[in-house]
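With the hints as extra help, turn the sequences into a complete structure.
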Amino acid sequence: MSRTQHTMPVAVSMLLVLIAGPLAAADVNEGSLSSTPQSSLSYQGHENDTDSDNLIAVYPALLGTRLDDCQTCHTGGIVTDADQKEFYLNPCSYCHLVPTPDASFTVGIPGSFEATLNPFGLDYKNKGRDQKALKDIDGIDSDDDGFTNIDELIQGRYPGDAGSKPGQPFAPTDTLSWEEIHNLDVHNQFMLVNAHRQNFDHYVAYTGVTVKEILSAVGADAAGATSVTFIAPDGHAKDFAIEQIKTAFPAGLYYGNLDPGHFTDPDQGFVTYPPAEFIPEGIEDGGEIPGEQWIMIAYGREGNDLDPGHLDYTSGTLEGEGPYRSVVPQSRPGAPDRSSKHPTTYNDGLDYDDNKEHNSGLCTRGLVAIRINPMPEGYEEFDWKNGGWSLLEHRRILIYGAGITRK
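Residue numbers (mature numbering (1 follows the signal peptide of the UniProt record, and there is no 0)): -25 to -1, 1 to 382.
Just to be clear, a hint being listed does not mean it is correct.
Calculated lysine to aspartate or glutamate pairs in the DMTMM-like style (CA-CA distance at most 25 Å, straight line) [unchecked claim]:
#1 K331 / E296
#2 K316 / E294
#3 K221 / D58
#4 K60 / E218
#5 K100 / D116
#6 K187 / D113
#7 K331 / E263
#8 K100 / E89
#9 K140 / E352
#10 K221 / E263
#11 K102 / D126
#12 K140 / D358
#13 K331 / D280
#14 K60 / E188
#15 K331 / D77
#16 K140 / D113
#17 K316 / E332
#18 K100 / E188
For the record, the hints were derived by calculation from the structure and aren't laboratory data.
Bear in mind the structure is a predicted one, so any value in this text is a computation, not a measurement.
Written out as structure tokens, the structure is:
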């Protein structure tokens, strides 16, 4: 099977003016201190939304680029589990350990949000965490890599990451097309997608391929890999240990008749089910779901392609589920529970339970890239905001990182 291989990010065919090459210094510096709100396109719903807006107010040409995101100020980190295995977590996952610590990690959990800041983020915070602070630090070299912050911003490099610097090549990548992915061994998986805040949990029949199969298809040498990261073009990213990719999960559990139509009060119902032909025959209420459960890349759902993901130009956010979604089963199978935002408590054993595993948030809609960690030294991180939307549009998945070499 032939595959397309790249040493630079895929050129974007839509969106705003993005960093595909150096930005002119005048463009980066064209902003002035502004009291007018500037709207960043970074991942929404975080405390640092204002900080991202400050960056765009001072450097308007960075709008919609990969620097227009949390990673410009926040760092990933290395954590250790009870078996003394180390894992790299991307900035998104690492920062989320502050409000929601993961008990499986024994070493490396950040004790505060400040502990997740990279040198550029710390300099910005210490100078006042406002637009003036950004101007005050643009002439210094926060990460001590030999380039000033403004030089790195001009070149589309991270000023707080010494491993990101002007002139450095992008990591070798391998890419699978829609047709190539459909030619791989098909994996069908009926499973519970248990949500945290959404109104409904879902039993879903997905079709796709296991991530293990994808890594094999591109010839990735995962001997030195510790984890993989699933990436969407809006900045959503999730990390999983390589052992979770190589091993099947426990059998899921099925609980029926929890949809609104089976309750006198329809608001008491909170689960959706696929058409009967997609529910495994003979499955019992509370019983195990037949078939192996794997971390997989889904491209179909109940006999149809996933609805295509697309960029909402107004908000800069991803809408839709597909064309690919990383799907993660429950590692601790259990019954679904109502939303944490449900206004009513029914005391029927199905109200929201924070101790249950809500695997919906572990899945990545609009998947465009799989990074195998750790990243090889001397290479630049994939520019997922530049190339990601094009990958989404053309239904391609890019694989890069440890074990991926230029051929």
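Quick rundown of the hints versus the structure:
Between K331 and E296 the CA atoms are separated by roughly 24 Å; this keeps the pair inside 25 Å, and the hint holds. Between K316 and E294, the direct Cα distance comes to roughly 22 Å. Compliance with the 25 Å bound is thereby established for this hinted pair. For the suggested pair K221 and D58, the alpha carbons sit about 17 Å apart, so the restraint of at most 25 Å is met. Under the criterion of a C-alpha separation no larger than 25 Å, the hint pairing K60 with E218 is consistent with the structure, at around 11 Å.
Of the supplied pair hints, the one linking K100 and D116 holds, its CA atoms being roughly 15 Å apart against a limit of 25 Å. Straight-line distance between C-alpha atoms of K187 and D113 comes to about 43 Å, which puts the hinted pair past the 25 Å bound. For the suggested pair K331 and E263, the alpha carbons sit about 17 Å apart, so the restraint of at most 25 Å is met. The straight-line distance between the Cα atoms of K100 and E89 is roughly 9 Å, inside the 25 Å bound, and the hint therefore holds.
Our distance criterion of 25 Å between C-alpha atoms is met by K140 and E352, whose separation comes to about 12 Å. Between K221 and E263 the alpha-carbon distance is near 21 Å, which keeps this suggested pair within the 25 Å criterion. For the suggested pair K102 and D126, the alpha carbons sit about 19 Å apart, so the restraint of at most 25 Å is met. Pair hint K140 plus D358 holds up; C-alpha atoms about 13 Å apart against a cutoff of 25 Å.
The straight-line distance between the Cα atoms of K331 and D280 is roughly 30 Å, outside the 25 Å bound, and the hint therefore fails. The hinted pair formed by K60 and E188 meets the criterion: a straight-line CA distance of about 24 Å does not exceed 25 Å. For the suggested pair K331 and D77, the alpha carbons sit about 13 Å apart, so the restraint of at most 25 Å is met. With a CA separation close to 15 Å, the supplied pair K140 and D113 stays within the 25 Å bound.
Distance hint between K316 and E332 is fulfilled; the C-alpha atoms sit about 16 Å from each other, no more than 25 Å. Distance hint between K100 and E188 is unfulfilled; the C-alpha atoms sit about 44 Å from each other, more than 25 Å.
Checked against the numbered hints given earlier, this structure breaks hints 6, 13 and 18; the rest are met.
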